[in-house]
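K.L.:
Chain by chain, the residues run as shown.
Protein chains: 2
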Amino acid sequence: MEFKISRELIAQIEQYVEENREQDLKELLRDMHYADIAEIMWELDDADSIYIFHILDSEKTAEILLELHEEVREKILKELSPKEIAEELDELSTDDAADIIAELPEERQEEVISELLDVEHAKDIVDLLRYDEDTAGGLMGKELVKVNENWSVLTCVKEMRVQAENVQRVHSIYVVDDENRLKGRLSLKDLLTTSTKTHIRDVYIPKVDFVRVNTQSVEVARIMQKYDLEAIPVVDELGRLVGRITIDDIVDVIKEEAERDYQMAAGISQDVEADDSILNLTRARLPWLVLALLGGFVSVRLLNGFSNAMNDHKELFFFTPLIAAMAGNVGVQSSAIIVQGLANNSLSGSLWARLVKEVSLSLLNSSILALILIAGSHFILGMGYDVGLTVSVSLITVIIIASLIGTFVPILLNRFKIDPALATGPFITTSNDIFGLLIYFSIAKVILGF
Amino acid sequence: MEFKISRELIAQIEQYVEENREQDLKELLRDMHYADIAEIMWELDDADSIYIFHILDSEKTAEILLELHEEVREKILKELSPKEIAEELDELSTDDAADIIAELPEERQEEVISELLDVEHAKDIVDLLRYDEDTAGGLMGKELVKVNENWSVLTCVKEMRVQAENVQRVHSIYVVDDENRLKGRLSLKDLLTTSTKTHIRDVYIPKVDFVRVNTQSVEVARIMQKYDLEAIPVVDELGRLVGRITIDDIVDVIKEEAERDYQMAAGISQDVEADDSILNLTRARLPWLVLALLGGFVSVRLLNGFSNAMNDHKELFFFTPLIAAMAGNVGVQSSAIIVQGLANNSLSGSLWARLVKEVSLSLLNSSILALILIAGSHFILGMGYDVGLTVSVSLITVIIIASLIGTFVPILLNRFKIDPALATGPFITTSNDIFGLLIYFSIAKVILGF
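Protein chains in written order, with my numbering: chain A, 762 to 1211; chain B, 762 to 1211.
Pulled out of the complex, with its shape left as it was, chain A reads as follows (with noise of 0.2 Å):
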């Protein structure tokens, strides 16, 4: 049922702006999603998508621009007058306006707002652009029916006629005092099967989850999935009602804090896509190379420390790679495991218990491991068992010390307060290399003495 982008549709597209044929064109976008909409424009140029974006109505256009490519949207909202985007905005809902005007620079941003037609839209879009977009604040819109605990059901249910115009889903209805102040809820059900007669004071819901305009968006995210909401109020310092959050930008949300995790394991540390511009690309990922580079220096040091066991070892080097490489891996996979855990806040028991059973764990996998590398080095490699020994027995010791270390420095990071999934990836995987071979050479001096 999903709608897929061809190659042949995209053609044309294009042979239609070449030709100019408007009415065409017109046709052909009438009955798409502006979703879909949105994802054409971003295969096509930008003369021919901004073409596109002036042929079709102001109400199609102001839902596309929202789900445009950041990128397209920028050169788009280049190209219309203040005016212009003014009219877009006032088709939008108040969240998505101020998420589209701050990404205006500022002296545009005024301009824009001076246009804007319904004054208490206006106002709304402002008020949201105060706060941080990593709160609740940000992630609110304006739009929800609320009705006053002192109303009868009838007048409420006439003034929630007017109040639903301007609301695209109403989720909850809202029941406040005349200070505006939340006091509780009234289920859609209820309004669907209650008599029309009864006063709101008296059938109105007191418990109602809310959350304040400074929680921050992660923990909101976590209470509504938590508590399986799909909409939840937001109050002031006061507790005044003055938005609402729904679970459609908490998907964004969540979605979001999975790849940022994702990406900080893979060693990439802003959130970059894979069509960002090559600065952008390397100001992520540079930085952890770097790291891995002076790591890297690190070892070069430690190996040449223990360069006078390459006169009757030789072979004990050509292990290096194996060793780090081993170290790396089962630190990543510890790692991740315990930084998923504190993310779902899934974790528990003691710090003892835990570290028995990852000993226990590691010293399971690595002594199969071990028994693999001592018949892999004799048969595949043709070494000699003591090479075979005194390599299967760091292994081991690097596994167990590996996994120790995945797991309790984002566990200890956590308790300071330091974004655990720090730990992971480049982090990990370097200074696991370096403990790794330290490991593993004063083993082999110890067994083979050099």
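These are calculated hints, taken from the structure and not from any lab test. Do not rely on the hints blindly, as some may be mistaken.
Copies of the same chain look alike in the list, so a pair counts if it fits in one copy or across any two.
With a straight-line Cα cutoff of 20 Å, these simulated EDC-like cross-link-like pairs (lysine to aspartate or glutamate) come out [unchecked claim]:
1) Lys944 / Glu998
2) Lys968 / Glu820
3) Lys1016 / Asp1180
4) Lys987 / Glu831
5) Lys987 / Asp797
6) Lys968 / Glu779
7) Lys884 / Glu904
8) Lys987 / Glu1017
9) Lys1016 / Asp893
10) Lys1016 / Glu991
11) Lys836 / Asp806
12) Lys987 / Asp792
13) Lys987 / Glu832
14) Lys968 / Asp1032
15) Lys968 / Glu824
16) Lys839 / Asp806
All figures in this text were calculated on a predicted structure; none of them were measured in a lab.
We have chain A already, so just place chain B on it with the hints.
P.N.:
The following block gives chain B in isolation, referenced to the frame of chain A:
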């Protein structure tokens, strides 16, 4: 606003349980959300959490059962008779009830189903059990509000009041024909703002997004996200309306998908948690470690092949972990960005453009790193410029090749319909280790001649 479990609370509950103070416990837990109680039970001993489960009433326990950690749920279900389980399920929505039944051993499933009181509910649950859990059928619930296109709005409102009794949240009102085939929808807003005298067939919106029972759940998630849907109807092969999927179920799909990709990138091949058994964790982690070990064997042989370089240029061997680490890190960075781009459907442009971009990016990054390396190897490590130069030239080449492997292997896998996430983590680091070392020593041989 979020509930936090304190050690004191857990201690208090444990004490109450020990002293058998049922009333105090009930009092303490009365106003708590079921998700919070589930969290508490996860922290308690098995016996204690079973005790708590038994003293609460079934309206609450049913929801708790749903929120419990899988391990605790399994233990509690074992303690309950089929009749008791059926009582819990009678309180739940069809999709949640079906999910819990699916977790039971097969012989118990039938026993439980036969004990369900509400025959309609039981029929719906049995129907849902037919579907694969990774499809729309496996996600959907039976609770929905639907009206016949031939009804008047008046009949419709009456019927809806009855239907809404069984539906926790009314998302959309679906319109069907006499054969139960999905025709369109009525929005809740329409319901609030339309006069009751109209006929359904004259007011419904014939355009409605839907998925089929066998649509994959990740696909459903993508559609609902892309089109900003809070619920989507599900139709069978004949276009008949059989269920609906709500956004809260999709939130779980999105989270699981992100976690799976994350784990894959970390070399964990099954969905595991930190608190899973050692055997499960080994099964998820060991295969990747064996792969890395076998890759290590290849690198041992490779270095062995270049062992005559040890006579005059033993420093070369000190750099092997550094080269392997850089190749691995660059590969993981490139592949992670591509895998994410593929998952989000956000890659645009030709393969050729991507190739040019990736090479430019690597050239920029690796040149900066090479400068640091030349300086570092001379001033910090005290090596000759010939070694520094050799390693630097190798580093630049290795980084370019590693980034190309990281970029194009996932794209290739995706073309052949293989999950590109497989190409991140240990797979890419292991293959890049090998290629990296091969390139390094080949270049060294050319420059230094050995």
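K.L.:
Each hint: holds or not?
P.N.:
These are the hints, each one checked on the structure:
no.: 1; hint: Lys944 / Glu998; result: within (15 Å within a copy, 47 Å between copies)
no.: 2; hint: Lys968 / Glu820; result: between (38 Å within a copy, 18 Å between copies)
no.: 3; hint: Lys1016 / Asp1180; result: both (17 Å within a copy, 19 Å between copies)
no.: 4; hint: Lys987 / Glu831; result: between (31 Å within a copy, 15 Å between copies)
no.: 5; hint: Lys987 / Asp797; result: between (32 Å within a copy, 9 Å between copies)
no.: 6; hint: Lys968 / Glu779; result: neither (60 Å within a copy, 31 Å between copies)
no.: 7; hint: Lys884 / Glu904; result: within (13 Å within a copy, 40 Å between copies)
no.: 8; hint: Lys987 / Glu1017; result: both (18 Å within a copy, 15 Å between copies)
no.: 9; hint: Lys1016 / Asp893; result: within (19 Å within a copy, 25 Å between copies)
no.: 10; hint: Lys1016 / Glu991; result: both (16 Å within a copy, 16 Å between copies)
no.: 11; hint: Lys836 / Asp806; result: within (11 Å within a copy, 59 Å between copies)
no.: 12; hint: Lys987 / Asp792; result: between (38 Å within a copy, 16 Å between copies)
no.: 13; hint: Lys987 / Glu832; result: between (34 Å within a copy, 18 Å between copies)
no.: 14; hint: Lys968 / Asp1032; result: neither (38 Å within a copy, 36 Å between copies)
no.: 15; hint: Lys968 / Glu824; result: between (35 Å within a copy, 18 Å between copies)
no.: 16; hint: Lys839 / Asp806; result: within (15 Å within a copy, 61 Å between copies)
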